[in-house]
Amino acid sequence: MPKTKINIKNISYFYGEKQALNNVTLDVPEKEITVFFGPAGGGKTTILRLINRLNDLVEGTKLEGKIYVDGRDIYSPETNVPDLRRQVGMVFALPLPLPGTVRENVLYGPMLAHINGRAQEDEILYRSLSQAALWDEVKDRLDDPASELSGGQQQRLCIARSLALEPDVLLLDEPTSGLDPISTAKVEESLFALKEEYTIIIVPHSIQQAGRVADRAAFFLMGELIEYKPGKELFTNPQQEKTEDYITGRFG
Amino acid sequence: MNPPDKTQRNWSTFFIEALIRLLGFSSIGFVLLIFLFLLQEGIPAFFQVPLGNLLSELWYPTFDLYGILPLLLGSLLITLTAILIAVPLSVGTAVLVREAAPPWVREVLKPMIEALAGIPSVVLGFLGMTLVAPIVQKLGAPTGLTAFTGALILAYMSMPTIISVAEDALDTVPKSYRDAGLSMGATKWQTIWRVVVPAARSGIVTAVMLGLGRAIGETMAVMMVTGNAARMPLSLDSLFRPARTMTATIAAEMGEVAHGSIHYHMLFGIGLILFTLTFIINLIAASTIFKKRKKGGLR
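Listed in order, the protein sequences are those of chains V and H. Here the working numbering is used: position 190 in the first sequence is 190, and no number is missing along the way. Here the working numbering is used: position 219 in the second sequence is 219, and no number is missing along the way.
A few of these clues could be false.
[Said to hold, decoys possible] Dumping the calculated DSS-like pairs for lysine-lysine here, alpha-carbon to alpha-carbon at most 27 angstroms:
| id | chain 1 | residue 1 | chain 2 | residue 2 |
| --- | --- | --- | --- | --- |
| 1 | H | 138 | V | 62 |
| 2 | V | 3 | V | 229 |
| 3 | V | 66 | H | 188 |
| 4 | V | 9 | V | 186 |
| 5 | H | 175 | H | 110 |
| 6 | H | 138 | V | 18 |
Source of the hints: derived by calculation from the structure; they are not laboratory data.
Work out the full structure, taking the sequences as your base and the hints as a guide.
Shown next as structure tokens:
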């Protein structure tokens with residue numbers, strides 16, 4: 001088992017009265033693809049948002065337990081939240097280019113982090129767009145509005161935008177839910193290339209996708225972690241009855 | 001209108017439909033009638049008064065001098081200054097109310113801002129004369145009743161409109177934009193200024209245009225505080241000298257003018273110019289809204 005990147009310890013989370021997560025504990029290994037899957041309302045997205053503290057601004061929520069990234073408690077007062085979010089990038093379900101050109105979108109994060117200089121910018125553009133398997137398609141359109149790209153290209157642009165900050169961890173929340181099969185395949189391909197360097201957690205949009213990409217898989221149901229083990233094992237030989245029922249399509 | 005069902009048409013449905021249609025068309029009809037009336041009364045002025053006279057710098061109706069430039073420029077000077085003051089304040093307030101303030105502050109501020117829009121302009125003019133004018137005079141103006149005083153009052157009057165529309169625009173920016181900004185390591189304020197505000201840009205432009213339309217058409221408060229001297233506002237200190245707007249001219253002189261005289265038609269002519277200006281402003285505002293829709297999801 002490779003080195004652990006993220007420790008999640010006894011996490012419970014509440015939106016007001018409603019409990020979204022119940023005592024979840026798991027370790028996410030470095031440079032692998034970990035899949036969080038399960039039916040809607042299981043708490044998968046909530047966990048992702050907790051790992052880069054996006055839920056900080058949501059009012060009336062309560063967190064119990066600890067999350068460590070590289071052994072550091074990310075909810076301790078010493079944590080610099082913008083730095084944490086640069087280290088832990090996130091890609092959302094809907095492709096969401098910011099208003100502006102392709103170039104501006106990719107360089108937005110680095111610009112906020114005060115990286116500048118033309119040569120450095122060009123290098124970041126090339127590196128992150130290539131990593132997202134998008135460079136060949138947009139290299140002549142860098143100054144076009146990002147909104148003119150196709151849906152699949154927009155989503156890979158969002159991945160490139162996160163990669164531009166050179167994060168260690170990439171969180172993807174149903175990144176292919178709005179895409180056609182060909183674009184989905186391209187995004188998945190880029191994920192396989194990316195895991196050489198990045199720790200990836202993905203909430204897939206189907207069980208099939210979970211099976212295709214998972215090095216490790218965690219099955220969530222109603223805010224509880226039901227089963228967590230290497231992907232091949234979990235999908236071929238689930239130990240828990242609920243997991244098996246879900247995988248074989250008996251509910252969900 | 002072919003109702004799909006074969007049963008006899010329901011009379012109450014028919015009646016209500018007819019009534020709604022009548023009301024809808026009549027409101028368009030009234031606006032059209034007003035415009036036609038304005039045209040009928042205003043157009044003769046432009047034939048009766050020679051162009052050289054119209055474009056001169058002197059507005060002395062008693063001597064048949066009908067130069068509209070001082071009035072036009074007076075209106076523009078006061079309105080533009082008002083907008084320059086109002087826009088940064090309003091957008092800042094909208095951002096504060098929508099993005100930065102804790103919920104209870106928002107709950108208190110929002111109705112207060114909307115209540116401001118309901119203050120009668122006479123009352124504001126009164127406040128302007130008694131409170132603002134002395135301050136402007138202390139700043140070194142020869143009199144307190146100046147273009148700048150008018151601009152301050154107008155800015156104050158247009159702010160509720162701009163704030164409330166801009167705030168709605170900010171509100172329609174999807175939460176996911178904020179998440180995207182934050183997840184790239186932007187601070188809350190970087191996200192607001194570099195992601196949320198640009199994404200709401202077209203709505204904010206609309207807000208400014210509506211405020212502009214409100215400011216340029218305002219009469220009473222402006223008439224009370226600007227000093228009403230029809231002089232060309234061309235020198236640098238014009239802002240701190242009295243000026244006169246088109247609206248104030250119409251309001252002040254319409255009461256004492258002989259029906260059907262050149263002066264009478266001229267006042268309607270000014271109304272026509274004013275109407276055209278606000279129409280253009282509203283057109284620009286509407287076209288930015290339209291563009292926003294055309295772009296779809298990106299907004």
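For each hint, the structure was consulted:
no. : hint          : in the structure
1   : H:138 / V:62  : violated, 56 angstroms
2   : V:3 / V:229   : holds, 15 angstroms
3   : V:66 / H:188  : holds, 24 angstroms
4   : V:9 / V:186   : violated, 34 angstroms
5   : H:175 / H:110 : holds, 21 angstroms
6   : H:138 / V:18  : violated, 61 angstroms
Against the hints set out earlier in the document, violations occur for numbers 1, 4 and 6.
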